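Enquirer: Listed here are the chains, written in short residue letters.
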Amino acid sequence: MAVVHVELQEGWTGEQVEMWVNGSRRYSGRPSTRLQIGYADAVVVNVSTGLVRLEVWMPEVSIEASRSMPIGNEHWIGVSRLNGTVLIVDQAAPFGYA
Amino acid sequence: MTDIQERTPDDQREPPVQGLQTNVLTSADEDTAAAPQPQQTDSVGLPSVSGRYSWRRPPGPAPTGALPQERFRREALCLDVDLRYPQMTASGTSYATVSQRYHWIASLTAAGANHWTGSVWYRDGSTSLFPYTAVDIVATPSSFPAQRQVKVTFSGGGQTPFTRTYGWHSATYHPIEFEYDSTADAHAVTAIGTCDHPNRPASMACESLSIEQVFRRAGFRVSRSDADSSVVPLSGAGSNARWSDSEMHDAMQTYWSRFANAPQWAFWTFWAALHEQGTSLGGIMFDDIGPNHRQGTAIFTEAFIKPPVGDAAPDAWVRRMRFWTAVHEMGHAFNLAHAWQKSLGTSWIPLVDEPESRSFMNYPYNVNGGQSAFFADFDYRFSDTELLFMRHAPARFVQMGNADWFDDHALEAPDPDAAAAASAFELVVRANREHAVFEFLEPVTLEVKLTNRGTEPTLVPSTVLDPQGLIAIVKRHGKPARQWHSYARHCRSRQAKVLGPGESSYESLPVYAGLNGWDLSQPGVYDVQVAVEIDGALVTSRPLRLRVRTPRSREEEDIAQEFFSDEVGRTLVFGGTAVMETANETLRETVDRLPDSRAARHASAALANPLAGAHKMLVIPDNQQRLAGVAKVGGSLSERPARVDDAVQMLDGLTDTATAETMGHIAYRRRVESATRSLAESGATEPAAEIERSLHDVLAERGVLPSVLDAVSARAEAYRSGSTDPE
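Residue numbers (our numbering), protein chains in the order written: chain V, -4 to 93; chain X, 137 to 863.
Hints in this document: simulated from the structure, not taken from any laboratory. Only a predicted model underlies this, so the values are computations on that prediction, with no experimental measurement involved. All residues carry an ideal CB built from backbone N, CA and C; glycine is no exception. Certain hints may be false.
Chain V stretches covered by chain X per the calculated footprint, using a threshold of three residues with CB under 8 Å from any CB of chain X [to be verified]:
| hint | segment |
| --- | --- |
| 1 | 30 to 37 |
| 2 | 85 to 92 |
Chain X side only, calculated, beta carbon under 8 Å to chain V, not exhaustive [stated by the list, open to error]:
| hint | residue |
| --- | --- |
| 3 | Phe208 |
| 4 | Gly419 |
| 5 | Pro444 |
| 6 | Gln477 |
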């Protein structure tokens, strides 16, 4: 098993957001980015190691995005809304906010 | 604030720069040059002239043809052409009264020794008072502060050029005071050696660099209230020993020696171990709640800051990142956004994002090439656009506790001199009830009270509290502040009245609706702050916090759809309408469906008033073309007779204390007496007398001043004796 931290970062302004990890809905909310730290909300998910698929859906504005990434250990995924699209990045170290 | 501006602590001077022989004059050097000293020069031998200059109109009457307020005019000029990171910019702020304040910014090009010309590209405030488009600036440097001056010629905009000479004030643009407090488990870093870590620019000057020096180089006269620094007990963070924003806000109010619910050039920096968000949060400007934002920042020294594996100088790496974090959070207190967020929100001028900038406001680990690329090219500075904002934007955008975080709408702090002149007055905004809690749909009516706290009788404008003349700011929590604007603006001749020592003047403030719509209608918590202008000085109230309740029923939610309209707002504020039938229909529905509500009382008053007297109405035939002129299309005036019985029945239902409370005593009496006057003019003097007597009883029960009760009794008696004109 591995721990995945999915963190909603830049560009969230209160619209409905739903996120699925490997087909299971793991987040539903209306995140709002605190501009002084570039952070809105987070969810921690336990997954099996291997390929993990994250899907992001914003039903009110019909925006969706997805990405599959190999996860071998604890992992951090950042999800931002930029210029009308959803950007997903991932890294093997925690994100830092300030 | 005056105290801060005048402080010149010993640590103002920059320490010598190690390994660098150039003679660089810093703003701090200039700022402490109180005594005559040899001519100071910058690194290439030119006299330094950057800094703040000032001008004020000499005592005496206003210039011929000018408004009386002009005798109070004073101006500040910021010249930014040399010293650290020159922006080749001049900016100016001119004040006479609140409504006659303007701010301008011009870009400059050298036109000779100590001579610059440029175009004005930014204006703010009463811009009609500053039509000029170009500036020509000649500076006179001198070792003697009294001899330093700048002569500015304003031209363009179809105006005759004019020249103004500004005297020296300081080598900095604004004062700033820091207070550092920490917990026992925090490891604060307030200074570093710039060459302690090998990953740095090749040209980096090796020096010990403090946070204060960074901000001096940004153009600020920095002081620290070190004597008042505290060790904040860990108990403030609760049982988890991690700090939430609200816990830090509480700590700020308790331990910051300068804390005030007011704009000031000062803020609190707090070092602690961890935020409740955990190790991912290195720091935060946590103060984005309440009426005065950006007064508190925090740095969490046990957060994510860890050196890369194998780093050549891991201790120096950690200290540098903590130092960067501290200055970064403090930059937010100056209303600076992250480098990649410049284009978001309500920026003061259109800005583009700077995702690759080597600024304190960028994340080192987010640039191309990561942290090593960032620090290889980082000069421990803010970007040019950030320096332009900090030095030259209207002060209210930058000053702590003024504009909200990421928002540039707020009251500007009063000028210290003007504030001192206004200190004889106290202004209070209040709700006419024990707790400032209002029903959903209830039109929020407040009262303002101005008291002369001085020892001398003072002349004030007779309309000083007129809602259309005062400034009222409504701020719903979590939303930008908005200025309330009265529906009406009357043109009146200026008259004065005497306010004796201890005497007060009162006025009703129908803040619920205005030209912005229903600013104060949705359920939630609001802060309302008002200010008035007396002799060019601003008198500001403390904010009043009030709450609007959530709807109690589906009926209220239904009626709200029609109630919160422009027509209903105007009808309530103006005390009724004989012609806006849609509004009257909504008010009748409110009375019928919610008879016990506060909103129904306001509605009844607005419905009764037009019925109490005859109304002239302009009637235009429906079958004619519009815009053809009223007379041309057969329009005519007709008089709709009074409906005395209906009016009296409605007014009888309003003579209770609940109506007096929801309307406020001033508006309540005004509404009732407007109706009784109309009734008397319609011949119904006895009902008018009876309603006045009821009004007297209600106001007496609520403890209104005897002088008011006497006046109401006199009107009742006049109507009883058959008079139609009790005045």
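Enquirer: Hints first: check each against the structure and report whether it holds.
Expert: Hint-by-hint comparison with the structure:
1. 30 to 37: holds (count 5)
2. 85 to 92: holds (count 4)
3. Phe208: 38 Å, violated
4. Gly419: 5 Å, holds
5. Pro444: 10 Å, violated
6. Gln477: 6 Å, holds
Hint compliance for this structure: hints 3 and 5 are broken, all remaining hints hold.
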